[in-house]
Amino acid sequence: MARRPSPLSRIFPFVFGLLVGAGALYFFLPGPGSTVSKPQPGQPAAKAAQASAPQGATLATVRARGYLQCGVSTGLPGFSNPDDKGVWTGIDVDFCKAVAAAVFGDESKVKYRPLNAKDRFTALQSGEVDVLSRNTTWTMSRDTSLGFNFAGVIYYDGQGFLVKKASGIAGAAQLNGATICTQTGTTTELNLADYFRGQNMTYKVLPFEKNEEALSAYDSGRCDAYTTDASGLHAQKLILKNPDEHLVLPEVISKEPLGPLVRQGDPQWEDIVRWTLFALIDAEEEGVTSTNVDQMKASQSPEVRRMLGTEGDFGQALGLSKGWAANAIGAVGNYGEMFERNVGVKTPLGIPRGLNALWRNGGLMYAPPIR
Amino acid sequence: MTGAMKWLRRNLFSNWWNTGLTLLVLYVLWRALPPFIDWAFFSAVWHGGDRTACLGPDKGACWPFIFANLDQFIYGRYPADLRWRVDIAFLLGLAGLVPMLIPRVPAKLWNLGYLVVAWPMIAIVLISGDRPGLIGVDTDLWGGLLVTLIVAITGIVASFPLGILLALGRRSEMPVIRTLSTIFIEFWRGVPLITVLFMASVMLPIFLPRGLHLDNLLRCLVGVALFSSAYMAEVVRGGLQAVPRGQVEAARALGLSYWQTMGLVVLPQALRHVIPGIVNTFIGLFKDTTLVLIVGLFDFLGQVRVQLSDMHWSTPQGAATGYVFAAFVYWVFCFGMSRYSAFMERRLNKGRVR
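Quick mapping for you: the protein sequence lines, in order, are chains V and P.
Residues -12 to 358 in my numbering are what the first sequence lists, from first letter to last.
Residues 109 to 462 in my numbering are what the second sequence lists, from first letter to last.
It is worth saying that the hints were derived from the structure and are not from the lab.
Each residue gets a CB set at the ideal place from its N, CA and C atoms; glycine is no exception.
Heads up, some of the hints might be wrong.
[To be verified] Straight-line alpha carbon distances no greater than 20 Å define the calculated SDA-like cross-link-like pairs of lysine to any residue that follow:
#  : chain 1 : residue 1 : chain 2 : residue 2
1  : V       : K333      : P       : T160
2  : V       : K284      : V       : E257
3  : V       : K242      : V       : Y353
4  : V       : K197      : P       : D158
5  : V       : K105      : P       : D323
6  : P       : K167      : V       : D231
7  : V       : K98       : P       : I243
8  : V       : K197      : P       : P424
9  : V       : K228      : P       : D323
10 : V       : K228      : P       : W192
11 : V       : K72       : P       : D323
12 : V       : K72       : P       : W192
13 : V       : K197      : P       : I402
14 : P       : K167      : V       : N229
15 : P       : K167      : V       : K105
16 : V       : K151      : P       : P424
[Unchecked claim] Non-contacting residues of chain P with respect to chain V, defined by C-beta distances greater than 12 Å in every case (computed):
#  : residue
17 : N119
18 : N123
19 : R139
20 : F150
21 : H155
22 : I196
23 : L199
24 : V213
25 : I285
26 : N324
27 : G354
28 : Q355
29 : L401
30 : G404
31 : G410
32 : F436
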């Protein structure tokens, strides 16, 4: 009996070929993966920035690309996090907008790249981001050996304590003999040891692998205080069972100056980022806000006139337009407005100005003059 | 009533040991379920515009957080005015998948061709917008369920044929092919997926020439596909070994070629044996997609975590609500796959049931 080849026998290799071919096609399709950084339609393609950029290269790259690449966190309340519409908000995000406004006159020309703590320096080094505005502590080793330059301090943070109001503790000096919950294996634990030894006080530490575990242990009453960076304390207070029953102590026991940083080797770009920050702080000192910035251009004060470009041309020295500072202030407001909008007492975080008040008001915010 | 009693007696209270177990389980359920149901439904908050709605000592789950962030969970940071493109890609896939899964619908071969060749291309073009006339969307803006599905579907579509070829290769009589297949399988099975993803995202760029920059998502997709195909190969090999040698010999005696033997005689029997194993791999892969979080991609779970950092939605129950919701979504997908595989097993095993 002659065997009639079933149709299946003929198509089986074909099906295999199809499947394998499909897999190959799927990968080698000229998809988004094969491009370096996709230019916006109608804009020239930008070259990837080199790690050691010559003078002015970053500004030229950013201009050619048409937008600023800004590295932010993967979600830190009040500093950089997407809201429920997917829009990035926070004080670090506002600073990105300010730089974009200073460079382009348009604060929307910025793309945010969420970076985790591990990837952030690589991303800046490789030119994936032009500025890293991601709650990064300014330390000597980062400034020197990592090859970055910090443009300034946008938020003076420090390790603080969260205690229950009912405990009657109102200051860190009253923590003698307290049990303290904290995350293990971080500088938090070392700072704690240093502080208590320096103050000649005793304490018991209850270490946890994760911040959330430490917080829930504190919430369930296993320790008298919980410690981490003060900005984090204010954010984590919100997820306690009864936030109103807790208090962030006013003292901080470590220095955590957070600031934006750029690659070393391009002084012009560094100046742009630095002076954008200074302009925002100076603007608060001079009373220039996002709402009155246009009227203030006619101000009699020479400081304000120089800052807003009415007199002199300080933008030119940065490679920017005359109205660079006015654009930045118009986009996000002065430093005080940024602070109050994102982390201030009227927001759920409710952080008082404290160290971040202007120097005239007892804080540390002090920017060199524009002249 | 008596029927129910009889059933209870036979299945739950047949002897003192089973009675004890039944009572123990009932006790645990009685202690655990009502508080959960109360938390998830009765004490839960269903309406509200921000965190203040969910504050209070006796409040349960904070569902408004889920409703408000649902778009972010599904699309990540994909631009809102372009999300229709993702929707269309998804619907086109569904249009191909549904007839594929229903055995009675004809033209399976064309359907398969559409699903594994045409649709991925259409979907990639639509979602990435990497063609003239469309607005491009960088992959770092993709997120949420979109990324989870892309990683899972790529892994599944690529691992099935690759896995079969590798399994056949490992059982091949040709030493070079056998050795290469074995080395490949053992290498990828020997490293954890996290390591593969780290290597793909951190080490690969070091080896590549400086100008060539491969997309992070693409690197992870390749890593996941290779990783899962090694697992698939071992599952399929188990099925191949269960087919008696006589089947191959008989097929050869009839004059069938190697591919005919495999395609017509061995694989249909082998694959039927290992449907549970294959689906197991798929389900495992689907859940493993959450690991892409550590290389900076925001899959569904990662996106839930990101949205939790919004201070306008920071509430005591926010994290629990988000994770319960994420667990539910993963469960729906995995349970769906599991049910379909059970259906296919019953259908394919009809001839064996007596």
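Evaluation of the provided hints:
1. Distance hint between K333(V) and T160(P) is fulfilled; the C-alpha atoms sit about 14 Å from each other, no more than 20 Å.
2. Proximity of K284(V) to E257(V) is assessed by CA-CA distance (about 26 Å); at most 20 Å being required, the pair is judged violated.
3. A hinted pair counts as satisfied when its Cα atoms are at most 20 Å apart, and K242(V) with Y353(V) qualifies at roughly 17 Å.
4. Restraint check: the Cα-Cα separation between K197(V) and D158(P) comes to about 27 Å, which exceeds 20 Å; the hinted pair is violated.
5. Proposed proximity of K105(V) and D323(P) is supported: the alpha carbons are some 18 Å apart, at most 20 Å.
6. A hinted pair counts as satisfied when its Cα atoms are at most 20 Å apart, and K167(P) with D231(V) qualifies at roughly 16 Å.
7. Distance hint between K98(V) and I243(P) is fulfilled; the C-alpha atoms sit about 15 Å from each other, no more than 20 Å.
8. Restraint check for K197(V) and P424(P): satisfied, since their Cα atoms lie roughly 17 Å apart, inside the 20 Å limit.
9. For the suggested pair K228(V) and D323(P), the alpha carbons sit about 42 Å apart, so the restraint of at most 20 Å is broken.
10. Of the pairs offered as hints, the one joining K228(V) and W192(P) is violated, with about 40 Å between alpha carbons and a cut-off of 20 Å exceeded.
11. Using a Cα cut-off of 20 Å, the hinted pair K72(V) and D323(P) is violated, with the two alpha carbons roughly 26 Å apart.
12. As the CA atoms of K72(V) and W192(P) are separated by approximately 16 Å, the hinted pair is consistent with the 20 Å bound.
13. Of the supplied pair hints, the one linking K197(V) and I402(P) holds, its CA atoms being roughly 16 Å apart against a limit of 20 Å.
14. Restraint check for K167(P) and N229(V): satisfied, since their Cα atoms lie roughly 11 Å apart, inside the 20 Å limit.
15. Distance check on the hinted pair: K167(P) and K105(V) sit about 37 Å apart at the alpha-carbon level, beyond 20 Å; violated.
16. Taken as a hint, the K151(V) and P424(P) pair is honoured in the structure, with Cα atoms around 16 Å apart against an allowance of 20 Å.
17. No beta-carbon of chain V comes within 12 Å of the beta-carbon of N119(P); the shortest separation is about 41 Å.
18. Against the 12 Å criterion, N123(P) stays outside the reach of chain V, whose nearest CB is about 42 Å from its own CB.
19. Against the 12 Å criterion, R139(P) stays outside the reach of chain V, whose nearest CB is about 20 Å from its own CB.
20. At roughly 19 Å, the least C-beta separation between F150(P) and chain V is larger than 12 Å, which holds for a residue marked as non-interface.
21. For H155(P), the requirement that its beta carbon stay farther than 12 Å from each beta carbon of chain V is met, with the minimum near 15 Å.
22. Distance check for I196(P) against chain V: the nearest CB is about 17 Å away, which clears 12 Å, and the non-interface claim stands.
23. At the 12 Å boundary, the C-beta of L199(P) stays outside the reach of chain V, the nearest C-beta of that chain being 19 Å off.
24. The beta carbon of V213(P) is kept farther than 12 Å from every beta carbon of chain V, the shortest such distance being approximately 17 Å.
25. Residue-level check passed: I285(P) sits 15 Å from the nearest beta carbon of chain V, beyond 12 Å.
26. Consistency note on N324(P): stated as away from chain V, yet its beta-carbon is not over 12 Å from all of that chain's, at 9 Å minimum.
27. Non-interface call for G354(P) relative to chain V: holds, since the shortest CB-CB distance, roughly 19 Å, exceeds 12 Å.
28. The claim that Q355(P) is not at the interface with chain V holds, since no C-beta of that chain comes within 12 Å of its own (minimum 15 Å).
29. For L401(P), the shortest C-beta to C-beta distance to chain V comes to about 9 Å, within the 12 Å cut-off, and the non-interface label is violated.
30. Consistency note on G404(P): stated as away from chain V, yet its beta-carbon is not over 12 Å from all of that chain's, at 6 Å minimum.
31. A cut-off of 12 Å between C-beta atoms contradicts the statement that G410(P) is not in contact with chain V; the least separation is 8 Å.
32. Distance to chain V confirms F436(P) as a non-interface residue, since its nearest Cβ pair spans about 19 Å, more than 12 Å.
The structure does not agree with the numbered hints 2, 4, 9, 10, 11, 15, 26, 29, 30, 31 stated previously, though it agrees with the rest.
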